[in-house]
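Novice: Here's the letter readout for the chains.
Protein chains: 2
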Amino acid sequence: MTQTIPKSIQRLIDQLNQLPGIGPKTASRLAFYLVRNQNTDIEELGEAFQNLREDLVYCSQCHNIADKDPCAVCADKSRDDSLVCVVEEPLDVIALERAGYRGKYHVLGGRIAPLDGIGPKDLNIKSLLRRLETNKEIKELILATNVNVEGEATAAYLMKVLKPFDIKVTRIARGLPVGGDLEYADELTLSRALEGRGLMMSK
Amino acid sequence: MTQTIPKSIQRLIDQLNQLPGIGPKTASRLAFYLVRNQNTDIEELGEAFQNLREDLVYCSQCHNIADKDPCAVCADKSRDDSLVCVVEEPLDVIALERAGYRGKYHVLGGRIAPLDGIGPKDLNIKSLLRRLETNKEIKELILATNVNVEGEATAAYLMKVLKPFDIKVTRIARGLPVGGDLEYADELTLSRALEGRGLMMSK
Numbered sequence: 060m061t062q063t064i065p066k067s068i069q070r071l072i073d074q075l076n077q078l079p080g081i082g083p084k085t086a087s088r089l090a091f092y093l094v095r096n097q098n099t100d101i102e103e104l105g106e107a108f109q110n111l112r113e114d115l116v117y118c119s120q121c122h123n124i125a126d127k128d129p130c131a132v133c134a135d136k137s138r139d140d141s142l143v144c145v146v147e148e149p150l151d152v153i154a155l156e157r158a159g160y161r162g163k164y165h166v167l168g169g170r171i172a173p174l175d176g177i178g179p180k181d182l183n184i185k186s187l188l189r190r191l192e193t194n195k196e197i198k199e200l201i202l203a204t205n206v207n208v209e210g211e212a213t214a215a216y217l218m219k220v221l222k223p224f225d226i227k228v229t230r231i232a233r234g235l236p237v238g239g240d241l242e243y244a245d246e247l248t249l250s251r252a253l254e255g256r257g258l259m260m261s262k
Numbered sequence: 060m061t062q063t064i065p066k067s068i069q070r071l072i073d074q075l076n077q078l079p080g081i082g083p084k085t086a087s088r089l090a091f092y093l094v095r096n097q098n099t100d101i102e103e104l105g106e107a108f109q110n111l112r113e114d115l116v117y118c119s120q121c122h123n124i125a126d127k128d129p130c131a132v133c134a135d136k137s138r139d140d141s142l143v144c145v146v147e148e149p150l151d152v153i154a155l156e157r158a159g160y161r162g163k164y165h166v167l168g169g170r171i172a173p174l175d176g177i178g179p180k181d182l183n184i185k186s187l188l189r190r191l192e193t194n195k196e197i198k199e200l201i202l203a204t205n206v207n208v209e210g211e212a213t214a215a216y217l218m219k220v221l222k223p224f225d226i227k228v229t230r231i232a233r234g235l236p237v238g239g240d241l242e243y244a245d246e247l248t249l250s251r252a253l254e255g256r257g258l259m260m261s262k
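Residue numbers (the numbering used here), protein chains in the order written: chain Y, 60 to 262; chain L, 60 to 262.
These are computed hints drawn from the structure, not numbers from a lab. Don't be surprised by glycine CBs; every beta carbon is placed ideally from N, CA and C. Treat the hints with care, as some may be off.
Unchecked claim - Listed next, with one range per pair, are the computed distances between beta-carbon atoms:
hint : chain 1 : residue 1 : chain 2 : residue 2 : range
1    : L       : Leu253    : Y       : Glu242    : 31 to 41 Å
2    : L       : Ile177    : Y       : Pro79     : 49 to 59 Å
3    : Y       : Glu242    : L       : Ile177    : 39 to 49 Å
4    : Y       : Arg251    : L       : Ile177    : 52 to 62 Å
5    : Y       : Asn96     : L       : Asn205    : 12 to 22 Å
6    : L       : Asn183    : Y       : Thr61     : 52 to 62 Å
7    : Y       : Leu235    : L       : Gly80     : 56 to 66 Å
8    : Y       : Asn96     : L       : Leu188    : 52 to 62 Å
9    : Y       : Lys84     : L       : Asn183    : 39 to 49 Å
Claimed, not checked - Away from chain Y, derived, C-beta distances all over 10 Å, residues of chain L:
hint : residue
10   : Thr63
11   : Lys66
12   : Arg70
13   : Leu78
14   : Arg88
15   : Thr99
16   : Arg112
17   : Arg138
18   : Pro149
19   : Leu188
20   : Arg190
21   : Glu192
22   : Glu199
23   : Leu258
Said to hold, decoys possible - Far from chain L, by Cβ distances over 10 Å, these chain Y residues were calculated:
hint : residue
24   : Gly80
25   : Thr99
26   : Gln109
27   : Glu246
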């Protein structure tokens, strides 16, 4: 087979191909797009990759990835200090920010996953308990780990270790997604939606 | 809203977001993956982007993007010189190579698309005619433009200008994709599949 792809293009394809969610076809399409589309500044694009990990720190309070310690959220005096939302990953913080959440966070750095060899000790749980001991402002902890087996197990574990604390602990609601059809919902989601039903009117 | 995403991560997200097929969510996911996954050499990845357009030339014979002129396919003496496959883009060459095609190519550099202001003069058609005039080895031209309105229009236009030449011109078959169900095929594909039916046995 003739080597039809120029070396510099093949190199980028190989590099892109190792990224999650980018298969060989997407990689080729992207690389050839960039060859043709001279408007894209590949110099700038390449630099953005190379400088990605520069000056990144983990916030010593909430363990989110940040530019400086404490992070912008922890340093923000205008945010609700009595509310702490416990999430698995930094990406979850972004999702909650988009949803309009204005309290503080605590990033666990993963979830309890025995199959992957990740136990409670590998997560930022000790520092959460320490935070609760030292900061008496905190009134409510929202457990916002993912709604899957591992996320639920992590939430259950947290419930157990949080029992001694005099604090309100809540779990994000599980139910039908907005725009979701009852007809297409799986039975677990539907049973959760029933359990978590809210009062509309009472006589 | 607090700026929760560190600057270096936001910069990469913005850069990735301008690429085709990568939306804001995929961009965030990729960027945070690269922050966490220290195994990925972001230096190398960035360089691959920056060096992408280095040393790229267009082959003066087939107009494919290549490392040198003539390209590897045109220079390859072992390939069938009597067969030239006319395609729209360099990506199509890769697809045909994968499919095991071993003739030569001619890359048009696009398709006739009046709505985008692209006419026959913007494509490498003149050089195709010149190639046919000078290279008497060529016996068959396979029109492998895409099977959509613009690709078919381009093929029809090529048929017209190729008429004066004493050469066999064929079009890639249009029909059901392998693994395709009759039931789910659209009527145009099905009517093309009927038109293009092949003889299995005759009495």
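Novice: Now tell me, hint by hint, if it's right for this structure.
Specialist: A quick look at each hint next to the structure:
Between Leu253/L and Glu242/Y the CB atoms are about 37 Å apart, so this pair conforms to the stated range of 31 to 41 Å. In this structure the hint that Ile177/L and Pro79/Y lie 49 to 59 Å apart at CB is violated, the actual value being about 36 Å. Taking 39 to 49 Å as the suggested C-beta distance range, the pair Glu242/Y and Ile177/L conforms, at roughly 46 Å. At about 53 Å, the beta-carbon gap between Arg251/Y and Ile177/L stays in the expected band of 52 to 62 Å.
For Asn96/Y and Asn205/L, the hinted distance range of 12 to 22 Å is satisfied, since their beta carbons lie about 19 Å from each other. Our hint of 52 to 62 Å for Asn183/L and Thr61/Y is violated, since their Cβ atoms are close to 20 Å apart. In this structure the hint that Leu235/Y and Gly80/L lie 56 to 66 Å apart at CB is violated, the actual value being about 30 Å. As the Cβ distance of Asn96/Y to Leu188/L is approximately 29 Å, the hint placing it in 52 to 62 Å is violated.
Between Lys84/Y and Asn183/L the beta carbons are some 25 Å apart, a value that contradicts the proposed interval 39 to 49 Å. Thr63/L, annotated as away from the interface, has a beta carbon of chain Y within 10 Å; the closest lies near 5 Å. Not every Cβ of chain Y is farther than 10 Å from the Cβ of Lys66/L; the closest lies at roughly 6 Å, contradicting the non-interface assignment. For Arg70/L, the requirement that its beta carbon stay farther than 10 Å from each beta carbon of chain Y is not met, with the minimum near 5 Å.
Listed as a non-interface residue, Leu78/L fails to keep its Cβ farther than 10 Å from every Cβ of chain Y; the least gap is roughly 6 Å. With a cut of 10 Å on Cβ distances, Arg88/L falls inside the contact zone with chain Y, its closest approach being about 7 Å. Against the 10 Å criterion, Thr99/L falls within the reach of chain Y, whose nearest CB is about 7 Å from its own CB. The Cβ of Arg112/L sits about 6 Å from the closest Cβ of chain Y, inside the 10 Å cut-off, so the non-interface label is violated.
With a minimum CB-CB distance of about 7 Å to chain Y, Arg138/L fails to clear the 10 Å threshold, and the non-interface call is violated. Pro149/L, annotated as away from the interface, has a beta carbon of chain Y within 10 Å; the closest lies near 6 Å. Every CB of chain Y lies more than 10 Å from the CB of Leu188/L, the least distance being 24 Å, so the non-interface label holds. Non-interface status of Arg190/L relative to chain Y is upheld: no Cβ of that chain comes within 10 Å, the nearest being about 18 Å off.
At roughly 25 Å from the closest C-beta of chain Y, the C-beta of Glu192/L stays outside 10 Å, upholding its exclusion from the interface. At the 10 Å boundary, the C-beta of Glu199/L stays outside the reach of chain Y, the nearest C-beta of that chain being 19 Å off. Every CB of chain Y lies more than 10 Å from the CB of Leu258/L, the least distance being 32 Å, so the non-interface label holds. Under the 10 Å C-beta cut-off, the non-interface status given to Gly80/Y relative to chain L is violated; the minimum distance is some 6 Å.
Residue placement check: Thr99/Y does not keep its beta carbon more than 10 Å from all beta carbons of chain L (closest about 7 Å). Taking the minimum C-beta to C-beta distance to chain L, about 4 Å, the non-interface status of Gln109/Y is violated against the 10 Å cut. For Glu246/Y, the requirement that its beta carbon stay farther than 10 Å from each beta carbon of chain L is met, with the minimum near 28 Å.
Comparing the model with each earlier hint shows violations of hints 2, 6, 7, 8, 9, 10, 11, 12, 13, 14, 15, 16, 17, 18, 24, 25, 26; every other hint is respected.
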